[in-house]
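Trainee: These are the residues of each chain, in order.
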Amino acid sequence: KAGVTQTPRYLIKTRGQQVTLSCSPISGHRSVSWYQQTPGQGLQFLFEYFSETQRNKGNFPGRFSGRQFSNSRSEMNVSTLELGDSALYLCASSLGFGILDTEAFFGQGTRLTVV
Amino acid sequence: GQQVMQIPQYQHVQEGEDFTTYCNSSTTLSNIQWYKQRPGGHPVFLIQLVKSGEVKKQKRLTFQFGEAKKNSSLHITATQTTDVGTYFCAGPRGSQGNLIFGKGTKLSVKP
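Sequence order for the protein chains is S and L. Read in our numbering, the first sequence has 75 at position 72, and its numbers run on one by one without any break. Read in our numbering, the second sequence has 22 at position 14, and its numbers run on one by one without any break.
By construction, these hints were calculated from the structure, which means they are not laboratory data. Fair warning: there could be bad hints in the mix.
Okay, derived cross-link-like pairs now, SDA-like style, lysine to any residue, Cα gap no bigger than 20 Å in a straight line [stated by the list, open to error]: (1) K114(L) / Q40(S); (2) K114(L) / Q47(S); (3) K44(L) / N80(S); (4) K60(S) / K111(L); (5) K78(L) / E106(S); (6) K111(L) / L91(S); (7) K114(L) / Q44(S); (8) K114(L) / Q111(S); (9) K44(L) / T8(S); (10) K60(S) / Q11(L); (11) K59(L) / E106(S); (12) K44(L) / A90(S); (13) K44(L) / G45(S); (14) K111(L) / T8(S).
The following residues of chain S were derived to be distant from chain L, with all beta-carbon distances above 12 Å [unchecked claim]: (15) Q44; (16) F50; (17) G65.
Where a beta carbon is used, it is the ideal one built from N, C-alpha and C, also for glycine.
Turn these sequences into a full structure, and let the hints guide you.
Mentor: Listed below in structure tokens is the structure:
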């Protein structure tokens, strides 16, 4: 079956702009989580959506937001970009129904560079 | 808040040497998972451990879950250059399931 698809793969934006990233999970997976990965901080959890509802949120400012559609596809948006937002943004999908259904399948990521 | 810590942060080994990374959680986990991220790639699921004291093997990789379900280890016997990458452990956050990751151990293997 098809894996997790993230678009775009690479993005260059200017400070102050906003950006929207997209993630299509594996068919049948209801949970989509977003992570920010930087060399110094590792994988930092942004938020998780399950059946169109935000189920968990990490410790990021309100400039970071997301949503999930009825087909489980998810988008995350970052407004008023800062240089420090440059990172690899990873989306992971899982079945998400229970505590043991958390095996995460990651997409290739979107490499965002803010200049 | 709930934390998952991994040591060491970096490990450089000669090909053929063994490698171990350790993972410690601040809370008891219902399960623990391990992922590998190759340079330039994305994390890929390796294994999930569920039972207290569980040990699982995948070829040269041995995974252990502690008796108290708060720590885990990954041991690689006779490393190869294909083992290069960052190894992450992860556990479910609270009772809701989304994963909290350790910061990873970056393994480099010198041929």
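Trainee: All hints are to be evaluated individually against the structure, with a verdict given for each.
Mentor: Hint-by-hint comparison with the structure:
1. K114(L) / Q40(S): OK: K114(L) and Q40(S) at ~14 Å, within 20 Å.
2. K114(L) / Q47(S): holds (17 Å)
3. K44(L) / N80(S): violated (27 Å)
4. K60(S) / K111(L): Distance of about 19 Å is within 20 Å: holds.
5. K78(L) / E106(S): Distance of about 18 Å is within 20 Å: holds.
6. K111(L) / L91(S): holds (15 Å)
7. K114(L) / Q44(S): holds (13 Å)
8. K114(L) / Q111(S): holds (19 Å)
9. K44(L) / T8(S): Given that 20 Å is the threshold and the Cα spacing comes to 19 Å, the pair holds.
10. K60(S) / Q11(L): holds (15 Å)
11. K59(L) / E106(S): holds (16 Å)
12. K44(L) / A90(S): holds (19 Å)
13. K44(L) / G45(S): At roughly 13 Å apart (the allowed maximum being 20 Å), G45(S) and K44(L) satisfy the hint.
14. K111(L) / T8(S): Not OK: K111(L) and T8(S) at ~24 Å, beyond 20 Å, violated.
15. Q44: Contrary to the label, Q44(S) does not stay out of reach of chain L, its closest Cβ about 8 Å off (not over 12 Å).
16. F50: The assertion about F50(S) is violated, with a minimum of 9 Å to chain L.
17. G65: holds (19 Å)
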